[in-house]
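Guided by the hints, dock chain B onto chain A, whose structure is given.
Spelled out from the first residue to the last, the chains are:
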Amino acid sequence: MTPPVFPRKNPVLRTQRMNLPPMGRGRVAHGLTRAAAVGDHLELQVCEECGAVQYPPHDACGTCLSPELDWRKQSPCGELLSVATLHHSNHLYFRERLPWRIGVVRLDTGPTVIAFLTESVVPPRAAGGAERTRVQVLLRLDRAGQAVLVAQPIEELNMDLKDKLQMETGCSPRGRKILVTDGKTAVGQAIVHALLDAGADTVWVGFSEPWKRGEEIARLRDVPGVEAVALDLTDARSVAALGGELGGKVDIVVSNAEVHRTESISSRPGTDIARAEMEVNYFGLLRLAQAFGPALKGRAADGPGHAVAWVNLLSVFALSNLPSQGTFSASKAAAWSLSQGLRAEMLPHGIRVLNVFPGPIDDEWNQNVPPPKLSAGALAGAMVRALTDGVEDLYPGEVAQEWFARWKDNHKALERELVAGGL
Amino acid sequence: MMPRRTGYEGVALVAPFTVPYERYSIRNAQWFAAQALRGLLKEARLDKSQVDGISLSSFLLRPDTVVGLTQQLGLSPRWMDDVPTGGASGVMALRRAARAVQCGDANIIACIGADTNHVESFRQGLANFSSFARDATYPYGAGGPNSMFALITDNYMRQFGATRADFGRIAVSQRANAALNPNAMLRKPMSLDDYLRARPIADPIHLLDCVMPCAGAEAFLVMREERAEALSLPHVKLRGAIERHNAYAEDPVMIRGGWLRDRDELYAQAGISPDRLDVIHTYDDYPVIVLMQFEGLGLCELGGGPEFVRENTLTHDGTVPHNTSGGQLSAGQAGAAGGFLGLTETMRQLLGTAGERQVKDARWGLASGFGIVNFDRCVCTGAVVLESAP
Numbered sequence: 001m002t003p004p005v006f007p008r009k010n011p012v013l014r015t016q017r018m019n020l021p022p023m024g025r026g027r028v029a030h031g032l033t034r035a036a037a038v039g040d041h042l043e044l045q046v047c048e049e050c051g052a053v054q055y056p057p058h059d060a061c062g063t064c065l066s067p068e069l070d071w072r073k074q075s076p077c078g079e080l081l082s083v084a085t086l087h088h089s090n091h092l093y094f095r096e097r098l099p100w101r102i103g104v105v106r107l108d109t110g111p112t113v114i115a116f117l118t119e120s121v122v123p124p125r126a127a128g129g130a131e132r133t134r135v136q137v138l139l140r141l142d143r144a145g146q147a148v149l150v151a152q153p154i155e156e157l158n159m160d161l162k163d164k165l166q167m168e169t170g171c172s173p174r175g176r177k178i179l180v181t182d183g184k185t186a187v188g189q190a191i192v193h194a195l196l197d198a199g200a201d202t203v204w205v206g207f208s209e210p211w212k213r214g215e216e217i218a219r220l221r222d223v224p225g226v227e228a229v230a231l232d233l234t235d236a237r238s239v240a241a242l243g244g245e246l247g248g249k250v251d252i253v254v255s256n257a258e259v260h261r262t263e264s265i266s267s268r269p270g271t272d273i274a275r276a277e278m279e280v281n282y283f284g285l286l287r288l289a290q291a292f293g294p295a296l297k298g299r300a301a302d303g304p305g306h307a308v309a310w311v312n313l314l315s316v317f318a319l320s321n322l323p324s325q326g327t328f329s330a331s332k333a334a335a336w337s338l339s340q341g342l343r344a345e346m347l348p349h350g351i352r353v354l355n356v357f358p359g360p361i362d363d364e365w366n367q368n369v370p371p372p373k374l375s376a377g378a379l380a381g382a383m384v385r386a387l388t389d390g391v392e393d394l395y396p397g398e399v400a401q402e403w404f405a406r407w408k409d410n411h412k413a414l415e416r417e418l419v420a421g422g423l
Numbered sequence: 001m002m003p004r005r006t007g008y009e010g011v012a013l014v015a016p017f018t019v020p021y022e023r024y025s026i027r028n029a030q031w032f033a034a035q036a037l038r039g040l041l042k043e044a045r046l047d048k049s050q051v052d053g054i055s056l057s058s059f060l061l062r063p064d065t066v067v068g069l070t071q072q073l074g075l076s077p078r079w080m081d082d083v084p085t086g087g088a089s090g091v092m093a094l095r096r097a098a099r100a101v102q103c104g105d106a107n108i109i110a111c112i113g114a115d116t117n118h119v120e121s122f123r124q125g126l127a128n129f130s131s132f133a134r135d136a137t138y139p140y141g142a143g144g145p146n147s148m149f150a151l152i153t154d155n156y157m158r159q160f161g162a163t164r165a166d167f168g169r170i171a172v173s174q175r176a177n178a179a180l181n182p183n184a185m186l187r188k189p190m191s192l193d194d195y196l197r198a199r200p201i202a203d204p205i206h207l208l209d210c211v212m213p214c215a216g217a218e219a220f221l222v223m224r225e226e227r228a229e230a231l232s233l234p235h236v237k238l239r240g241a242i243e244r245h246n247a248y249a250e251d252p253v254m255i256r257g258g259w260l261r262d263r264d265e266l267y268a269q270a271g272i273s274p275d276r277l278d279v280i281h282t283y284d285d286y287p288v289i290v291l292m293q294f295e296g297l298g299l300c301e302l303g304g305g306p307e308f309v310r311e312n313t314l315t316h317d318g319t320v321p322h323n324t325s326g327g328q329l330s331a332g333q334a335g336a337a338g339g340f341l342g343l344t345e346t347m348r349q350l351l352g353t354a355g356e357r358q359v360k361d362a363r364w365g366l367a368s369g370f371g372i373v374n375f376d377r378c379v380c381t382g383a384v385v386l387e388s389a390p
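Protein sequences appear in the order of chains A and B. Sequence positions in the first sequence follow the numbering used here and run 1 to 423. Sequence positions in the second sequence follow the numbering used here and run 1 to 390.
One chain only, chain B, in its complex shape:
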């Protein structure tokens, strides 16, 4: 029998920090990463020399990697990581950092997702996003992720009877949440009718199914609980974490993600069942994958997503508080920082610092990630369960 995986006991997350989003920026990704680190240090009242580990996720940092940032930012870490998984990068950065602090390879690790957005950068990133994309998807209309998720959405709707209104419930409730998030890019009230009347982009994907690319950064610190306590830093606890890549490759069109394979272990680590969760943050760069995450993470059965969103309210004060920052659909997608957005917002909810959108008595939170449309679907999935410290 294989030994059970070591748990995540003793790992604390500290100082969720957001570099405010901008639709376009003439600054580069390095600038946003630097401001994220500066913000973390300020929040946690730390000196730069105390950070001995750094994890970075960015699409547009080239020609640099995290290596270049050490010189640029004057760091001398003894642990570093560069996580290239976009929407899954926050979860994966956290998992790796957690092991490093558990083992003592590093004491304080800054996990940063940072990207810029120039007028041309999104388009330029598409043609060579991956070799499979270059050879087998981009030449078919160059629709980018919109077109792949349109195909996935079309199939999901037919397979499970989902309607556009089901997807609309997700987008509309997130817009309502965004109204209470001063940092959200899109805060104008949106009705279900607005959603349904939006122009088609890659039918069945319409304008309000799509995120708005922007510039910005999300970041947090990972350290052992004793250290957070010694430094008198408010923190939340990592209680479970999973990741899985290229799961269910046999499904000809994606109907489920890797969460389904590992979720039992996730909840076993945390010692809870999904109904105990007080707040949920899914990766939402199209509503259909929110449904796949609800299903994959055990909030409902496979194919039960449409029914689930019809029966629940998803605003911060609803029956299932979900993407309370507004998610990427309303807050914006700051490149790889989009993979951190759910994590920083979960931390704020569990720390009780979410302001007007605070979920009452939030103790258990879940953040999931989903990243990299390599060919016809997203390959990387992951999720973490966090718990507030008493």
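Here chain A stands alone, though its shape is the one from the complex:
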């Protein structure tokens, strides 16, 4: 048995409350938030008239005064010029986590930024000359869900999982206790394995009808770290019971249970299918949020392995209704809207809400959808990476990426294209 990643909690000690990093940002500065939320590389404003790259976020071009500033991807590379180690802070969040290292980085594209430094960044030795310290500047979301810049050595691909900045901006499953609401589907099974591979301490897996002793339960029974639990999201008492039992222990909730039927509005009379979808996809999420939300919020600073994230399996069809799966799309749109409300309640407590918007998954319900389709394993892998990177909106796979791009570009065009059929 491997020792736990995080030490066991001393039950006598008071559970620390979460103090968030500074929330204040101007509207323009949320251009960084938009890019950081989807895990994009550094984006900065570029003047459309003179091409000057701006930082801090500007209301007008600092060179030619043009109002036409466009957020664009930028090279994240630059030179570290100066370093300070803060042993004092005026803000409780930082004060509780001293010391912090910050630095001045001159980006290759021109502007100078202040950024946090990972522990692996070596300060510059001499001024200028041969010993330049090259770094890359990453966009991350902090515990308040606000975008911050983090500089790490240019040759490093990923942040060290033990680095304080990774811990504070990511939501890695490593060492964490996680509830996956449905283990019966291929996606659920893949998520469980991906979480365990990423170092999860315990994964509780929900089965709505465990007495049926399905082969899916049997497959997970002997996997170390997995516990099967009874969870029927259509049954308020079942959800509340599990919340009472596990609520104070779970660090990450993965809401992946879904009912998926492929009906359009007119393909079948009545509302029974739509109700069944809503019952799990929307009301199930609502029940889950009411049962597990409060405990998760209260444990956001509960030691180094604190509660950290809530994951929703939505669908890219939440953005725009896929007519051939009209009722399913609508239930996911409802869940998406609810997830934004959930995020608004979780964010002030330091819990990240990760929404996953896949295109068609390669499962039985999308049998008649032509490829490319997202495999359960690819979906689970992308979800774990997004958690690790602290992303809040994930569009895994090519179809989802394209849908998101089309929707962002012109949502009315996407609607019309869907009238014509296809994806």
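Quick caveat, the hints were computed from the structure, so don't treat them as lab data. Since the structure is predicted, the reported quantities are computational estimates derived from the model, not experimental observations. For each residue, glycine too, the CB sits at the ideal point set by N, CA and C. Treat the hints with caution; some may be incorrect.
Just so you have them, the derived chain A footprint on chain B, three or more residues with Cβ under 8 Å [as the list claims (entries may be wrong)]:
1. 134 to 145
2. 154 to 168
3. 198 to 204
4. 262 to 270
Ranges of calculated distance between the beta carbons of each label pair, as one might list FRET restraints [stated by the list, open to error]:
5. B:Gly125 with A:Arg125: 33 to 43 Å
6. A:Lys249 with B:Asn183: 40 to 50 Å
7. B:Ala249 with A:Thr15: 40 to 50 Å
8. A:Ala344 with B:Thr65: 30 to 40 Å
Looking from chain B toward chain A, a few residues come up when the C-beta cut is under 7 Å (computed) [unchecked claim]:
9. Ser131
10. Leu151
11. Ala230
12. Pro234
13. Val253
Frame of chain A, contents of chain B only:
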């Protein structure tokens, strides 16, 4: 060819006044401003109605501005100014007031820097100090100016070979000066060893590199020389004045300030070279910027600051009498009044009223200002040369 700038002939500074500093006060900034004006009137034996111009600098006067003070203090001025530039506000208030009295827009102008300090006010002021600070510096550790000047200091040390001991020489000599200033907040003797052993705050900034925020006010009157003479008021003369904002924005980390761009004009106005200065007051809310002011104001070359402080003594009786009140490092930083501290002390030295810390035969004095860490550096710079009246 552009016409040369009009000189500052005929402008007199009168009645340097300090409202004693307190570490914390339950009074508001309005109270300190009122006491400053009262002190000025008493010093100059003037009636309130004779003051027809008022210039005010304060961080914590909100929701009021100088407008609110006219009713609160029962003034009916025909000229007013509100200077929001913190550490550069004294120099800028003086420059504007000088033009007003030269042109006759006002006869007697009270220039006041006043602030209070509640236990929470410094911290509360930081998060929304500027939009750039809110978006791009405060979320990075919320260290306030300490963290930005730590980055500037780190770069300066590497670039120019400065050591902590160089900065320590400035802090230690100012503490020695403060011992002779009854109004200084920090008068306990400090050795270089004390300085070097202080705990890190934002490494390389340590505790004794930082000023102590406090409540208080600094003020003076500006009028034409003839008026000062007619009123038999001891005064000093304004001989040159410059300001410059957001200079050298191309330097990725600040290594110099706007003084460098305009100093030749400053000394040309005054008709002297920097070696004629008898007493110098720099804005000192971190020692590194004292070096930048020595360099920018021509006391030494760019990057020559460390060498300069090694070769000179900076106490009131030293080779370069500097911040003889103890400066903000030892006297305290009373908010925007910190931008006036060097001016009032220069006036006292030139008036011969500096008591035990008097610099002998001081005739020429310089006071410089430096203010507003908008993003990664201070934006506003300025300096004035004053001369004692014979």
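Looking only at beta-carbon atoms, does the pair alanine 249 (chain B), threonine 15 (chain A) fall within the given range of 40 to 50 Å? holds, 48 Å
Under 7 Å is the threshold here; is the Cβ of alanine 230 (chain B) close enough to any Cβ of chain A for the hint to stand? Where the cut-off is 7 Å and the nearest Cβ of chain A is about 49 Å from alanine 230 (chain B), the hint is violated.
Proximity test - 8 Å, beta-carbon atoms, the stretch 198 to 204 of chain B to chain A, at least three hits: holds (count 6)
Chain A contact restraint on proline 234 (chain B) - CB to CB distance below 7 Å: At 43 Å from the nearest chain A Cβ, proline 234 (chain B) fails the 7 Å test, so the hint is violated.
Just to make sure I understand the rule, a stretch counts as covered if three or more of its residues have a C-beta closer than 8 Å to a C-beta of the chain. Does the stretch 262 to 270 of chain B meet that for chain A? Violated - the stretch 262 to 270 of chain B has 0 residues with a Cβ nearer than 8 Å to chain A, which falls short of three.
Hint check for asparagine 183 (chain B) and lysine 249 (chain A) - Cβ pair distance inside 40 to 50 Å: violated, 60 Å
With a Cβ-Cβ cutoff of 8 Å, does the stretch 134 to 145 of chain B contain at least three residues near chain A? Our answer is that it holds, as 11 residues pass the Cβ test (under 8 Å) against chain A, meeting three.
Regarding alanine 344 (chain A) and threonine 65 (chain B), is the given constraint of 30 to 40 Å on their beta-carbon distance met? Holds, since alanine 344 (chain A) and threonine 65 (chain B) (Cβ atoms, about 37 Å apart) stay within the stated range.
Against chain A, run the beta carbon of serine 131 (chain B) and see if the smallest gap drops under 7 Å. holds, 5 Å
Taking the CB of glycine 125 (chain B) and the CB of arginine 125 (chain A), does the distance hold inside 33 to 43 Å? holds, 36 Å
Does the closest beta carbon of chain A sit nearer than 7 Å to the beta carbon of valine 253 (chain B)? Holds - the Cβ of valine 253 (chain B) comes within 7 Å of chain A, reaching about 5 Å at its closest.
Can we keep the leucine 151 (chain B) interface hint, with Cβ of chain A closer than 7 Å? Since chain A brings a Cβ to about 4 Å from leucine 151 (chain B), closer than 7 Å, the hint holds.
Of the numbered hints listed earlier, those contradicted by the structure are 4, 6, 11 and 12.
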